[in-house]
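Visitor: Here's the letter readout for the chains.
Protein chains: 2
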Amino acid sequence: MKKALAPLRVTGRMDRLRALLDSAADGAAVDGLLVTTPANIRWLTGFSGSAGLLLVTRDRAVLATDGRYRTQSAEQVAAAGVGSDLDIAIGGVPAQREALVGVATALGRLGLEADNVSWSAQRRWTETFDGVALVPTSGTVEGLRLVKDGAEVARMERAAAIADEALAAVLPLLSAAADGDLTEARFAAALDDAMRRGGAEESAFETIVASGQNSAKPHARPGDRRIRRGDPVVVDFGAVYDGYRSDMTRTFCVGTAPSGELADVFAVVGEAQRTGVDAVAPGVAAGSVDRACREVIAAAGWAERFEHGTGHGVGLDIHEGPSVGPGSAAILDVGTVVTVEPGVYLPGTGGVRVEDTLVVTEDGSRPLTQFPKEVAV
Amino acid sequence: MKKALAPLRVTGRMDRLRALLDSAADGAAVDGLLVTTPANIRWLTGFSGSAGLLLVTRDRAVLATDGRYRTQSAEQVAAAGVGSDLDIAIGGVPAQREALVGVATALGRLGLEADNVSWSAQRRWTETFDGVALVPTSGTVEGLRLVKDGAEVARMERAAAIADEALAAVLPLLSAAADGDLTEARFAAALDDAMRRGGAEESAFETIVASGQNSAKPHARPGDRRIRRGDPVVVDFGAVYDGYRSDMTRTFCVGTAPSGELADVFAVVGEAQRTGVDAVAPGVAAGSVDRACREVIAAAGWAERFEHGTGHGVGLDIHEGPSVGPGSAAILDVGTVVTVEPGVYLPGTGGVRVEDTLVVTEDGSRPLTQFPKEVAV
Chain A
1 MKKALAPLRV
11 TGRMDRLRAL
21 LDSAADGAAV
31 DGLLVTTPAN
41 IRWLTGFSGS
51 AGLLLVTRDR
61 AVLATDGRYR
71 TQSAEQVAAA
81 GVGSDLDIAI
91 GGVPAQREAL
101 VGVATALGRL
111 GLEADNVSWS
121 AQRRWTETFD
131 GVALVPTSGT
141 VEGLRLVKDG
151 AEVARMERAA
161 AIADEALAAV
171 LPLLSAAADG
181 DLTEARFAAA
191 LDDAMRRGGA
201 EESAFETIVA
211 SGQNSAKPHA
221 RPGDRRIRRG
231 DPVVVDFGAV
241 YDGYRSDMTR
251 TFCVGTAPSG
261 ELADVFAVVG
271 EAQRTGVDAV
281 APGVAAGSVD
291 RACREVIAAA
301 GWAERFEHGT
311 GHGVGLDIHE
321 GPSVGPGSAA
331 ILDVGTVVTV
341 EPGVYLPGTG
351 GVRVEDTLVV
361 TEDGSRPLTQ
371 FPKEVAV
Chain B
1 MKKALAPLRV
11 TGRMDRLRAL
21 LDSAADGAAV
31 DGLLVTTPAN
41 IRWLTGFSGS
51 AGLLLVTRDR
61 AVLATDGRYR
71 TQSAEQVAAA
81 GVGSDLDIAI
91 GGVPAQREAL
101 VGVATALGRL
111 GLEADNVSWS
121 AQRRWTETFD
131 GVALVPTSGT
141 VEGLRLVKDG
151 AEVARMERAA
161 AIADEALAAV
171 LPLLSAAADG
181 DLTEARFAAA
191 LDDAMRRGGA
201 EESAFETIVA
211 SGQNSAKPHA
221 RPGDRRIRRG
231 DPVVVDFGAV
241 YDGYRSDMTR
251 TFCVGTAPSG
261 ELADVFAVVG
271 EAQRTGVDAV
281 APGVAAGSVD
291 RACREVIAAA
301 GWAERFEHGT
311 GHGVGLDIHE
321 GPSVGPGSAA
331 ILDVGTVVTV
341 EPGVYLPGTG
351 GVRVEDTLVV
361 TEDGSRPLTQ
371 FPKEVAV
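Same order as they appear, the protein sequences are chains A and B.
So that you can map any letter, position 16 of the first sequence is 16 in our numbering, and since no number is skipped, the others follow by simple counting.
So that you can map any letter, position 351 of the second sequence is 351 in our numbering, and since no number is skipped, the others follow by simple counting.
The hints are simulated quantities; they were obtained by calculation from the structure and are not laboratory data.
Please note: incorrect hints may appear among the correct ones.
Pairs involving identical chains hold if they fit within one copy or between any two copies, as the list cannot separate such chains.
Think about it this way: if two alpha-carbon atoms lie no more than 16 Å apart in a straight line, the pair counts; the simulated EDC-like pairs of lysine to aspartate or glutamate are [what the hints assert, rightly or not]:
# : residue 1 : residue 2
1 : Lys2      : Glu165
2 : Lys3      : Asp31
3 : Lys373    : Asp31
4 : Lys2      : Asp224
5 : Lys217    : Asp87
Predicted, not measured: the structure shown is a model, and the values here were computed from it.
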């Protein structure tokens, strides 16, 4: 296992959020934001506990959490370089609310993360912050998270390397599967296990292993189906390293090169994916990356068989901004990390998807996932 | 692997929900409920897809989902016995909304599951269902889910048996760990893998393996710590079978019987857990089960070191009603499934937690988790 990376510093991020308060509520100003989305709290403070509330105003910041996280919260915000920038309130729910009310009561308008806060919670906060106008905000911190800094990219690169090495370690199982004694679920478990051995905190999402006819279902879950010679096998998986995720898909053909229509699907999806990757560059609209992939597949007559978007942002969440789908107007920036993952799914024949996670660079992009795109294994 | 169980039938559940509409909104009536919580949709219809919306009115029911689930939704509702009781609308978001609006437009008051619907979603639904009064509801379907039927209990029993067998299969790794070459993360991965081999769809939650000093942290995550002779090791895990979950904790002492204060902790927690299990019976308030456990631990002088509730309901969700905590007034019914999991956590010495998942029976309870409570392994 490689050396751990130096702690990730989050210094300055809360000030960048403060600079957005003037327009956070659909263009209108708020005096503070109650951050309730765990990944946003982690990104702003370094605190990774599952239960936390962060109130950021123009001149203060309070992180409230419960007694389980007393030591962890203090250590993490110190390691992240923001220990002196925020107060930590530890206690049960009433004590946490009291600490937040003490700060919020001076505010005129307070933003709530409306995509994350439940309607019930919004009603409770309205009572708790009596006299403060609560207004919905959406995507404020997420917008800041779109562009990754070097330390974040380094973590995603490490996650991707762990995933690459894990796949290399277990691929012989697939090559040896011609006798039908390997199920999808077994191969998925072996891959998950190899990632953990290699230093992953966990799998980035539920690993997909879809073989034979199952490969034609974009969202198949690994099951008891036995993998056999000639099967296409879609393997879509990723690792988590220090909170950051990787995402990669390879489709293999077991024990032989694909033939007939399946060979055409492999060729077209491979070309579509390369075309999509080539389209990724700073200043480009994400929708044009999607279009580039889609045109290759449409030219082969399978436009209707590419039934999902081309990709998505990745970071602390496995799906985050920007969307790389039809019409997505998001402009790619240096440091944005996105997937490019076209697929074609033909019932009766099988499905093929190929995916890399890429970081946008000055001169195009650099793949974080680097496993070879060999097909026959 | 044992034989698959017959498909679970959900017939009659939507009518039981309809009978609650007269008082679903804090005692006031609604004319229908928009069910957005995936486990509630599954419980009512058998559909297990990740994206679905279910509108239940007094005389109609519509399930809306997207094209990925066209076949699955039709097959699952048919297998569950409600295929003729509901219409399925397949399509993109606009088509799904249109199908729901077509039914909702005749309603005066429509309930939304306020604990599940985000504030953003509530605002969108308010626009979509223009002219319909949206009112918050909470816990309506969850209340029906409290009492499990025989087919549900059979699934949880199967999940628990898979977990028991998996632990038996990997426990020799722990016994052999005295030389320090087994990390917590490796043991957790081996256990997860054994559950999948044994027929689990997945682990019921992130498996906890907490050894040595880590055992004193109730929410420790498995890490790189090497397990050694004499360590207490808390193992908290479960399996999923046909959507239903099990939950069990055993604490072991590696290679030797515990000694000194640690031996006392094992003895007290063991007695507290047996006392809690004995307190489970129909007609009993969940809070009194918590009190029974807590008194044993308090008598030993460790009241402050039992820093969480005694248990929780289990079913399609790993944490569901009823809460088994201090003051919980929920009355246990025949068919309710709860955990009893007291623990004592002493920094410097270590922690011990013992947990079973129990179904309430006419004459008390029956444990679904049955792994022996041996300590020295």
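Visitor: Tell me, please, which holds for Lys2 and Glu165 at an alpha-carbon limit of 16 Å: within, between, both or neither?
Guide: within (12 Å within a copy, 35 Å between copies)
Visitor: Indicate which option fits the pair Lys2, Asp224 if close means a Cα-Cα distance not exceeding 16 Å: within, between, both or neither.
Guide: This pair counts as between: shortest inter-copy Cα distance 13 Å, intra-copy 35 Å.
Visitor: Between the shortest in-copy and the shortest cross-copy C-alpha distance, which are at most 16 Å for Lys3 and Asp31: within, between, both, or neither?
Guide: neither (42 Å within a copy, 60 Å between copies)
Visitor: Between Lys217 and Asp87, at a C-alpha cutoff of 16 Å, which is it: within one copy, between copies, both, or neither?
Guide: neither (49 Å within a copy, 23 Å between copies)
Visitor: Can you give me the call for Lys373 and Asp31, within, between, both or neither, at a CA distance of at most 16 Å?
Guide: neither (51 Å within a copy, 55 Å between copies)
Of the numbered hints listed earlier, those contradicted by the structure are 2, 3, 5.
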